[in-house]
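Colleague: Got chain A sorted already, so can you dock chain B onto it with the hints?
Here's the letter readout for the chains.
Protein chains: 2
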Amino acid sequence: MSARKKTTAKKASKPAAARRAASTRAGAGKRQTARRAGAKAAGKQVAKASGKPSSAGAGRAAAGARGGRRGPGATQRKVFYFGGGRADGDASMKEILGGKGANLAEMTSLGIPVPPGFTISTAVCLEFNERGKRLPAEVRADVLTALANVEKEMNLRFGDPERPLLVSVRSGARASMPGMMDTVLNLGLNGDTVRGLAAMAGERFAYDSYRRFIQMYGDVVLGVPHDRFEHRLDAAKRERDVADDVDLTADDLRRVVADYLEIVRETTGTPFPQDPQAQLWGAIGAVFSSWENQRAIAYRRLNDIPDHWGTAVNVQSMVFGNMGDDCATGVAFTRNPSTGEKFFYGEYLKNAQGEDVVAGIRTPQPINEASRAEDTKDLPTLEREMPKAYRDLVAIYKRLERHYRDMQDIEFTIQSGKLWMLQTRNGKRTAGAAVRIAVDMAREKLITKEEAILRVDANALDQLLHPTIDKSQAPPVIARGLPASPGAAVGEVVFSAEHAEARAKGGAKVILVRTETSPEDIVGMHASQGILTAKGGMTSHAAVVARGMGKSCVAGCGVLIIDYAQATMRIGEHVVREGDWLTIDGSSGEVMLGRAPTVVPELGGAFSELMQWTDKVRKLRVRTNADTPQDAEVARRFGAEGIGLCRTEHMFFEPGRILAVREMILASDTSARELALAKLRPMQRGDFEGIFRAMDGLPVTVRLLDPPLHEFLPHTDEDIQAVAAALGRSVGDVRHKLESLHEFNPMLGHRGCRLGITFPEIYAMQVRAITEAACRVAEDGVKVRPEIMIPLVAHARELERLRALAEKVIAEVRAEFPGTRVRPTIGTMIEVPRAALTADEIAHHADFFSFGTNDLTQMGYALSRDDAGNFLPAYVDGGLIPADPFVSIDEEGIGQLVKLGVELGRKTRADLKVGVCGEHGGDPASVRFFAKVGLDYVSCSPYRVPLARLAAAQASVVLGSAPR
Amino acid sequence: MSARKKTTAKKASKPAAARRAASTRAGAGKRQTARRAGAKAAGKQVAKASGKPSSAGAGRAAAGARGGRRGPGATQRKVFYFGGGRADGDASMKEILGGKGANLAEMTSLGIPVPPGFTISTAVCLEFNERGKRLPAEVRADVLTALANVEKEMNLRFGDPERPLLVSVRSGARASMPGMMDTVLNLGLNGDTVRGLAAMAGERFAYDSYRRFIQMYGDVVLGVPHDRFEHRLDAAKRERDVADDVDLTADDLRRVVADYLEIVRETTGTPFPQDPQAQLWGAIGAVFSSWENQRAIAYRRLNDIPDHWGTAVNVQSMVFGNMGDDCATGVAFTRNPSTGEKFFYGEYLKNAQGEDVVAGIRTPQPINEASRAEDTKDLPTLEREMPKAYRDLVAIYKRLERHYRDMQDIEFTIQSGKLWMLQTRNGKRTAGAAVRIAVDMAREKLITKEEAILRVDANALDQLLHPTIDKSQAPPVIARGLPASPGAAVGEVVFSAEHAEARAKGGAKVILVRTETSPEDIVGMHASQGILTAKGGMTSHAAVVARGMGKSCVAGCGVLIIDYAQATMRIGEHVVREGDWLTIDGSSGEVMLGRAPTVVPELGGAFSELMQWTDKVRKLRVRTNADTPQDAEVARRFGAEGIGLCRTEHMFFEPGRILAVREMILASDTSARELALAKLRPMQRGDFEGIFRAMDGLPVTVRLLDPPLHEFLPHTDEDIQAVAAALGRSVGDVRHKLESLHEFNPMLGHRGCRLGITFPEIYAMQVRAITEAACRVAEDGVKVRPEIMIPLVAHARELERLRALAEKVIAEVRAEFPGTRVRPTIGTMIEVPRAALTADEIAHHADFFSFGTNDLTQMGYALSRDDAGNFLPAYVDGGLIPADPFVSIDEEGIGQLVKLGVELGRKTRADLKVGVCGEHGGDPASVRFFAKVGLDYVSCSPYRVPLARLAAAQASVVLGSAPR
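Chains A and B supply the protein sequences, listed in that same order.
The opening residue of the first sequence carries number 1441 in the working numbering; numbering runs sequentially from there.
The opening residue of the second sequence carries number 1441 in the working numbering; numbering runs sequentially from there.
For reference, chain A alone in the conformation it holds in the complex (with noise of 0.2 Å):
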């Protein structure tokens, strides 16, 4: 018998991880192997994961019945019966039902074995919250009715003392929020009912089931402290020197059920509800009250579960898988949740609730040979213990996932020998079990490739591109940051760029760690396994680069206090030295003091497959953001069909090179400018040729110029007078130049094609350079199909006038390659709000057009990313804006923006290539959106790529786009 409570539902997502805890608890760690609590954990990780995307199959199955089904007046009801092969609800009806109600009348009106009950629609929980707690007249008399139906098909009476009928009172939303509700089992019992419930199933057990009961209607309904309830049983397994509940007798029990109706006497100054009737209308009122609970409100805002869609109530007929030795309880997937492997995986308790699983005492058993793990590899199978009982199970999983059309999660009871189904929903699963599941299912024709598609989440695909930690052998957690680039990273703790460099070039793997990053890191980032950062937020320079190079980061880790001169950082107690071993989770953001071992996921071939058919369906190109051959090359290999965005201020801050680049800025004419220029453009030449090979077939965007000159030159004293020395220039110089250079807001200030057009020299520079890498690599027999981006136009005239310099700097390069056929195109960043409300304007002198929703956001949003973190976690959280716009782009804000942009640029140029090359290029909401609004291109990090390729096919699936 089956009876589980809140603690279960937890279970139910994270079975490994929470008897861990419980057994843990009890001292029996050491039966948990890595491997399987690894794999388990699993089932947590992709908690938000398979919602969408994998609901939509059995959605469109159960509308498809709907029609027939539901007779009018259907959505009037309020209350659902469902029992012996009859149901008023139906799998669809989520919404008013919820997700377990829904679907206990799905598996009744298919003939599987349910325990009768009903369900109270989520309409009622917003009546019954907005009417001062109180349950309108009708849905008493309904479920008064539904009631007596349940006792004919059970042949049992609420409340009769010979044969009395138990019910579950449970919550069951639309969206499943594990452990968020309240419920209540064995209602129904009292003291004349229990002894009803003696005779038929022995004196213990109905003692214990009111014992329980009791504690559980105390606590929910009744607001009696749990820790009341549990001190009393600890008496008694004291009084009895007992370790266990299972060790206390009938009168054991009786006395303790006693003095727990005392307690809540004392506790609320009226003596426990005898009446059945009573019991329910409070477990029910306190079920629907429970949405309103802070846990409950907090989950939502966190899931973005609107507060207006309310709970449902299931009130169902008790089963027990504790009455004897041919009564179990168990949970199983149909097929590996973490693997996504075909086979029936589960596990079940003999003679047990679920609270018994959850006490942690017993190991549950493999239901079959092939759910064996480790620590159960001795144990007797449910196939074998329970041969007919396991045959119907098969019979009906097999069943489920037909009719669902997706791997079901199904919870069960077996009491006395006869198999009850208490829940079926579509499992959670890991990202590869994601994969494997839908490709697998495909290939089954059990559903279409384009349903595969949409089965899984692109943002899970993250951890199939990265190390995750075995958590189960993980050091403690000692601090908390963003998650600001996904991954598992492991290594020694250096606090310099430089110390990163050199002590990777001697064989170390090691971590930077930095209050917050700069572009002259960026060499000492590369060296790193990780980057910890302690400011900055999810877009903040140490984040974007990390998530470029595809390394872990997190970032804006408050606690973290750094002492450079010392060389040590303060995270609360602890003070790590350089040296010290750390691990870093930038999947979650956590911070490990140690090292973690971190386990390097496979791409399957399931994966290949899956992103070849996304390939064909989806109408949206997916470029990279690179500013390396090597990176460009990763990118490739996850399958980029370009170069959206090739920086080439990041090729400036190399060594060797950033001393000519500050020379060019401290030139104090045009001339000395140009000499600085001379000297950089051979460098600038030779990065774009090995791009261009790199990508060759390929197109590639390298911007100009970007960011304010003042990035580029020292800022402490020491870098200062190094600089001044090397130039031969007075520090006063270098100082008067930074002075002069100093912006309020340089977000805003002289930086993108400003300084093309105050200093078109440097333009020209970079054109000449990536025109001579082009027309070299072309001699060599390379495609290239270079593209020239100018950043931050503002006004259609500065493009017109940099247009024409790059025009006449192209034609230059070309007369010294007669007979090239490199041709660059001209385009411009729309990163501007003025750029995109004028874009027509712009258009005329633009090729094509690479949105960079970033600054858009920033500009559009008054919204400067490396300062929001003093405000914007707490308008996420407290449910202001729906979600970090640098995440996902806010369509309803600054999507109106991009819109604009597309239809005001295609109108003046039809043939306009229009793309995207902002964070958001990567975020597989932002992708939908983009390829809602008619975009080319995206263009993303390199690790990204994969993610946006299925985001795009998605998008093709969901808008019902030609394939191309």
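Some hints could be false.
Just so you know, same-sequence chains aren't split out, so a pair can sit in one copy or run between any two.
[As the list claims (entries may be wrong)] Think about it this way: if two alpha-carbon atoms lie no more than 20 Å apart in a straight line, the pair counts; the simulated SDA-like pairs of lysine to any residue are: (1) K2177 to D2306; (2) K2177 to G2309; (3) K1975 to D2306; (4) K2347 to Q2336; (5) K2347 to D1667; (6) K1911 to A2100; (7) K2177 to T1955; (8) K1975 to L2181; (9) K2177 to D2003; (10) K2177 to F2311; (11) K1975 to E2179; (12) K2177 to A1974; (13) K2347 to E2332; (14) K2248 to R2225; (15) K2119 to A1810; (16) K1975 to A2007; (17) K1782 to E1823; (18) K1518 to L2115.
In short, the hints are calculated from the structure, not lab data.
Modeller: Chain B only, in chain A's frame:
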């Protein structure tokens, strides 16, 4: 005989100034009185003033005549004859004939004596310059035909050795471009015709004319350096030992002519052209070419004149004012251009040419008694010397003024007693004269009141509201900055706000000189006469605050180097110490070492009357930006109809408050913050009471706290220590707070309503102070209309939440004042692009919108006003963008956001009140735009209120809105 060349053209626009320059050269400066120079120089100050609005009247008059007079195909014509009462063109055809040509045609048609001639249209100019400087053959043919008509009319023949026709060849563009393009006089003279001329008008006159012609033609057409001719002429005078040209005899001049011809031959390699037709083609070509000379191009850039307008060429029969004592040349205005008084005002020279006036040897004589000045009080008048010609002139000027319905600036020449008109045009005038003339003419029913309103350039009103410098007695200009806040100021230099305050208390007049100002300097700025800064643009802190206070300010004076420690500043070679006298002119940006006399303007009855008319015509209301009762009173006197922006934070900087503000910021938790806020509340309440009383009956919009908190914290070590000591905190605490509040882009950071979201107690305090103040003054019978404005809203949810907060506080206060009728409305700034884009959502929670177009421009254009100094000037000067978008709103880009915001807002809420409170609210061009998009009001600094009223009325007239 009047024969003016380019220097004469200059004279027309600034007669006295040019004369002064000339007479100073000749050592005759003593004759110029300060009053006269000042008054006449005003002609230059309004160089751009009356252009657009005042031309409307004449344009309309002429347009009425257009249909009747001009035949079909007239626009195809390229050469337009005028003479003998018949003209091909008219005054409406400025576009193709230029201003001069159109008016010559118009005068001819009116039967006014104009030397006959013809105009070659502006279209030919473009053709000429595009076709490699070649005159099309059909144009040459038409020119010869027109020339034949002139010959007939004058009974002279071009090139005829006995009765030679001489012509002038002058440029004449659509807009007046004084002195920018070339002119050739006396064309048609050669070795033969000079003898014919000698026979007709005397030897000396003929050879002097020939000399002048060769010199002018040589310079303008043949490119012979001007000084080569001058040297020769000087040599002739030295030989003859005379000082002036007039003392040279006919023989002397004959020799000079021979040498001039030789100079031309030597320099150009070919002889001076003797064929009059060749001379004519050369001169026409030179004038057309001069449209593209550097000077002309630069002038067009400065004055927003499009390149494609081109210039016309006027070829006109010469008449001579220098043929004897019955000859004269002169200039007159139909009313006094300095004061606007209604009398005929002008000056002339007997037996003279324009050049003689420029030479400054003779003082021009007044044309009548009324035109007499100090230095001309003993000279005979034209009225007395040539009564017949004077009577003719009076009849003509009256007719012209009636015809053109505007004050005319006319040029005339009297040749042998006969009056010839050479030019008429709407006369330039000072702002004061413009007001007086417009009001007088409307009273005289010459124009309507609406036309009177259009006649005054709103920008020029600034002159009337601020002291001006008497330039004739001003010390030399030692530096130039941005004209950041108009008006002249004189005072002793101080280098700190504290000193400014202290010295001012002691009765001193001071000029505050700072590298840049910050909010802490406000009290010191108030105490100063004017502010001079080394850094910052037109919308820097100093500029904005000074304009708000109506103080003179010169900002961004880059050459200024301040040494605070030594209390000195360096400007080039000048070292200025604290206490030295300094004069600044915030209208021109000039900085003068020493004390200049200033003239305080008087606002006459005409001004008041015009302002009353504007109030009847305009729909747009005009409010003011004011933070103190004093500012509010000033603005009210200027006609402000409410406060559109009261910045609460400006009150925070007053001594005795800033400490409480800092305590609030440094508070470690909410309750500590509330304690500090409780200290601030009575102070804020007091401020609001004062403002509400000052604005009795008018609405007052109070903006809640907007700037980032770090703006209120100390920054120097000394200040940090002082604050820490005063608040009993450690220096480390204060420093830590400073660091944690540091922002990379504060413009896009933690400010505005984000403070209200994260620290609701701050906004709650402010709303309470506002409401309490309103209820208190209401009890005294003051009619109070408070409006609470939430800044920096980007998302509707922000306003929703803060509105709820404000409403709660208001309800609380209202409960404390039972019976109060005070009901503050609640609205928001629209200053974030996203807010404009989602204004429909935001309007659900707003009673009013107020566009903050400063910030909207900064964000929408990606343009930090504090940082734009490094590139924006290059943009404006280089013609990349038409105007500084912080001065006049960028209609094409940012204007779209305003328009969209208004439309979306009113879509949600038709009665939404919409205003603007950025700096643009005081810019006439922007005000016209705001009227066009349907705003209800603009709000500007007190001293801009009259400008805004006038501009708003002009918009109503132009848009044809019904008067309110």
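Colleague: Are the hints correct? Go through all of them and say.
Modeller: Against the structure, the hints come out as follows:
For the homomeric pair K2177 and D2306, the shortest alpha-carbon distance between copies (17 Å) is at most 20 Å, but the shortest distance inside one copy (25 Å) is not. For the homomeric pair K2177 and G2309, the shortest alpha-carbon distance between copies (15 Å) is at most 20 Å, but the shortest distance inside one copy (31 Å) is not. In this assembly of identical chains, the alpha carbons of K1975 and D2306 lie at most 20 Å apart only when taken from the same copy (9 Å versus 26 Å across copies). Taking the closest pair of Cα atoms, K2347 and Q2336 come within 20 Å of each other both inside a single copy (16 Å) and across two copies (18 Å).
Taking identical chains as interchangeable, the C-alpha atoms of K2347 and D1667 are never at most 20 Å apart, the minima being 70 Å within one chain and 58 Å between chains. Proximity of K1911 to A2100 under the C-alpha cut-off of 20 Å is found in neither arrangement, the shortest distances being 47 Å within a copy and 50 Å between copies. For a Cα distance limit of 20 Å, the shortest separation of K2177 from T1955 across copies, 16 Å, qualifies, whereas the shortest one inside one copy, 26 Å, does not. With identical chains, the CA atoms of K1975 and L2181 are at most 20 Å apart between copies only, with a shortest distance of 12 Å across copies and 24 Å within one.
With identical chains, the CA atoms of K2177 and D2003 are at most 20 Å apart between copies only, with a shortest distance of 18 Å across copies and 30 Å within one. Taking the shortest Cα distances, K2177 and F2311 sit within 20 Å of each other only across copies (16 Å), while inside one copy they are farther apart (34 Å). When the C-alpha separation of K1975 and E2179 is checked against a cutoff of 20 Å, the pair qualifies only between copies, where the shortest distance is 11 Å, while the shortest distance within a copy is 25 Å. In this homomeric assembly, K2177 and A1974 come within 20 Å of each other (Cα to Cα) only across copies, at 16 Å, whereas the closest approach inside a single copy is 30 Å.
With identical chains, the CA atoms of K2347 and E2332 are at most 20 Å apart between copies only, with a shortest distance of 17 Å across copies and 22 Å within one. Taking identical chains as interchangeable, the C-alpha atoms of K2248 and R2225 lie at most 20 Å apart only when both belong to the same chain, with a minimum of 19 Å there against 62 Å between chains. In this assembly of identical chains, the alpha carbons of K2119 and A1810 never lie at most 20 Å apart, being 66 Å within a copy and 73 Å across copies at closest. In this assembly of identical chains, the alpha carbons of K1975 and A2007 lie at most 20 Å apart only when taken from the same copy (18 Å versus 40 Å across copies).
Proximity of K1782 and E1823 under a CA criterion of 20 Å is satisfied intra-copy only: 17 Å inside one chain copy versus 116 Å between copies. Taking the shortest Cα distances, K1518 and L2115 never come within 20 Å of each other, neither inside one copy (81 Å) nor across copies (52 Å).
Consistency with the previously given hints fails for numbers 5, 6, 15 and 18, ordered from lowest to highest.
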